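Read top to bottom, the protein sequences are chains A and B. Heads up: the first sequence runs through residues 383 to 874, numbered per my numbering. Heads up: the second sequence runs through residues 251 to 581, numbered per my numbering.
One or more hints might be untrue.
[Stated by the list, open to error] 30 Å max Cα-Cα, derived BS3-like pairs, lysine-lysine:
| # | chain 1 | residue 1 | chain 2 | residue 2 |
| --- | --- | --- | --- | --- |
| 1 | A | 570 | A | 536 |
| 2 | B | 467 | A | 765 |
| 3 | A | 430 | A | 767 |
| 4 | A | 767 | A | 720 |
| 5 | A | 570 | A | 612 |
| 6 | B | 467 | A | 851 |
| 7 | A | 570 | A | 430 |
| 8 | B | 467 | A | 767 |
| 9 | A | 720 | B | 467 |
| 10 | A | 720 | A | 430 |
Hints were generated in silico from the structure; no laboratory data involved. Computed from a predicted structure; not experimentally measured.
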Amino acid sequence: MSALLEVTDLVKSFSGVPALRDGRFRLEPGSVHALCGGNGAGKSTFLKIVMGIQPRDGGMIRRRGQEVSFASPAEALQNGIAIVEQELSPVPAMSVAENIYLGREPVGRFGRIDFATLNRQTQNLLDGFGFAIRATDLMMDLTVAQTQLVEIAKALSYDAEVIILDEPTSALGEAEAEHLFAAIATLKARGKGVIYVSHRLSEIFSIADSYTVFRDGRFVQTGAMADVTKDQLIQLIVGRPLTEEFIKENTPGTEIVLEVRGLSAARGVRDVSFTARRGEILGLYGLMGAGRTEIFDRLFGLSDVTGGEIFVEGAPVALRSPAEAIAAGIAYVTEDRKGSGLVLSGSVRDNLCLATLGALSRAGVMNGTAEGGAAARMIEALKIKTAGDALGVAQLSGGNQQKVVLGKWFLTAPRILLLDEPTRGVDVGAKREIYRVMSDFARGGGTVLMVSSETDEMLGMADRVIVLKNGRLAGELGRDALSAEGLLHLAA
Amino acid sequence: MELKAKTPAGGSLSGGQIVQRYGIVIALLLACLTLTLISDNFLTTRNVLNVLRQTSINGVLAIGMTFVILTRGIDLSVGSVVALSGVVAASFATTSSAGFIPGAPWPAGIAILIGLAVGMGCGAVSGVIVARYRVPAFVATLGMLSAARGLTLLYSGGRPIPALSETFRWIGTGSILGIPVPIFLLLGTFALAHFVLTQTRFGRHVYAVGGNPHAAKVSGLPVNRIRFLVYVISGALAGLAGMILAARTGSALPQAGIAYELDAIAAVVIGGTSLAGGVGRVSGTLIGALLIGVMNNGLDLMGVESYYQQVIKGFLIVAAVMLDQSKNKQD
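With the sequences and hints as input, model every part of the structure.
In structure tokens form, the structure reads like this:
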């Protein structure tokens, strides 16, 4: 039987710099094939060529044995290849049905859109894959997770045979991810092929049948998931042996640095109390919408002041604005790096200095030497890979961008670090370096509060985890008692 | 994400990249060169000073507009504010016996400060509406465009305020070492704005708020105050422009400054500042304003009808943005 998609010797350079030197891939019907690699491995370039977004310099793509070349994503779609991209692009003011069938709406008399058929068709599609979404809901009323499922439904609505999922779970919690995995299983059972791109290895091991690894634009290896261990796969991706996935060298002290009593926050967070100690990494666990981010937003002065008391090192603080939170020694690495972490039009230096402009200026005039020095210190301390501090931050990889955000906050000399999904969209190598930074900060007497949807990360890094459910505290687990089952049990 | 296509460090720029990076400077030089070749009157001291003086008003407005556009805003009201601050300042500086303000003419310095204050006041109102009440800048300043024009007509009774005092007129007609005062005002404004945007904390704030307001807020910047202040700056500079205009004509006209906002926005856009915010330079704006000035002057010298000038300016604006777009695409 011929493969759904077979790619050989794919080559692509940008202005003489090779991005892909030997792209190889073979997708069988009824299988989930993981495409693995760090940032810069050539995965995106590979996918862009397959989808007809970019032309190739050389190589061959065969679809069911027949050589093809797509000039646009529309052509790829016509040939049964659909992609769900990491960055979602819904039309917010339109309904789910209108979004899914955008440009292909069933038309009645006088060119009027046949909404009844449109909505019925959409609802059947959604129900068929067990997505609990109404066809008539507006996109803007959906959560990120639901938006993601709609994008997937859209790809499925084209009746595609090859479905590419690029980091589909990066915005999903575990429960939503389970829905997605169930949908993928259905696709598999119907003989379709899924190309699955994710930095989350645990997912790959639970749903993929086979893997292909790219590194530095080259094909490295392909094989069945059953024949490879997680450590071996990491080694293939990173290109060197990795001793430990997590780095944790901190020991929690006894002194309470942050105390929260009876806190209320947006989206139904009520009566949450907890403490965090010097040198401790405290995990906040919960499903999507459990109120984790809302608590962080409240602690950083980003949401309205509501009920409850907050104490930093014993002193009550109001935390009405980010400026007050920063003054109290709090720093916040938000979950949405591009949306609220970085000024993408700015340089690495601009971004590093953004929260400390006051300290780096005198009478309102910036001190260029001090700025350069501060940026250089952080680039060195966090091992940020950049061609210089004047480089646009948009040019850096996800991991290095995340380090820039961390560097911005370390310059404010914080005592409490709030980390919301600190390793989202970051490759395996850079993840480890971020764990190193977290561990060092806590070891040096800092306090870390971490929200993560990756259970492994919670188990690997947290000293203690508080679990939230529907905006309330559902339980607390010490490091000795931590287990994936225990967390899920409390959260669900 | 994985595109590594960058100019190698230390590598030379290709022809295309040079055109993109220095496009408007090249365009300005080409325009000057062409006009020098085809007209004997272009490259004379008198004409060059004339172009600069004519550019001064639009240049000052465009510099203020640059601050606003850098924060993703727009200020449509500057033309009306030019007229309002002009008539108010003139009412204090007039020597006519029409009796606008008791005791007029007041010292020119005081009249000028009053005119600047009127401009700042208008900007402050727009700024509060945009920053505090979250009304889109387009709408807020469209309202100010109408309101300020109405106030101008009410205040002046719809008639020009004539016969301004000699000292007041000096800022529009005087000269120092043979160079007209408006040129000094333009260059002074430019130098100050350039310093503020490149060297001060406030300048960094402006770029950050325009580049990503969420990130700016999370980083603890006073986003609302910054948004407010850029409109105050734009208003103050509109006030200054209004006074230069009144001083030059010798009387303040209530219908002065109509559609000036369009030339100011054009200069900013031609100068490479992005309407999406966060990217741009005031030096680009100055060159953009000069390019418009040189073009108008050149077409005048060549005897081209002014109607054509508008058409050509339209092409120029669009071409500048198209150049900018292709640059973004390449990045």
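To see whether the hints hold, each was checked on the structure:
With a C-alpha separation of about 17 Å, the suggested pair residue 570(A) and residue 536(A) falls inside the 30 Å cut-off, and the hint holds. Restraint check for residue 467(B) and residue 765(A): satisfied, since their Cα atoms lie roughly 26 Å apart, inside the 30 Å limit. Restraint check for residue 430(A) and residue 767(A): satisfied, since their Cα atoms lie roughly 25 Å apart, inside the 30 Å limit. Proposed proximity of residue 767(A) and residue 720(A) is supported: the alpha carbons are some 18 Å apart, at most 30 Å.
For the hint linking residue 570(A) to residue 612(A), the alpha-carbon distance of about 23 Å falls within 30 Å, and the restraint holds. Between residue 467(B) and residue 851(A) the CA atoms are separated by roughly 29 Å; this keeps the pair inside 30 Å, and the hint holds. For the hint pairing residue 570(A) with residue 430(A), the CA-to-CA distance comes to about 23 Å; that is within 30 Å, so the pair holds. The suggested pairing of residue 467(B) with residue 767(A) holds, with an alpha-carbon distance near 26 Å, which does not exceed 30 Å.
Our distance criterion of 30 Å between C-alpha atoms is met by residue 720(A) and residue 467(B), whose separation comes to about 14 Å. Restraint check for residue 720(A) and residue 430(A): the C-alpha separation of about 21 Å stays at or below 30 Å, so the hint holds.
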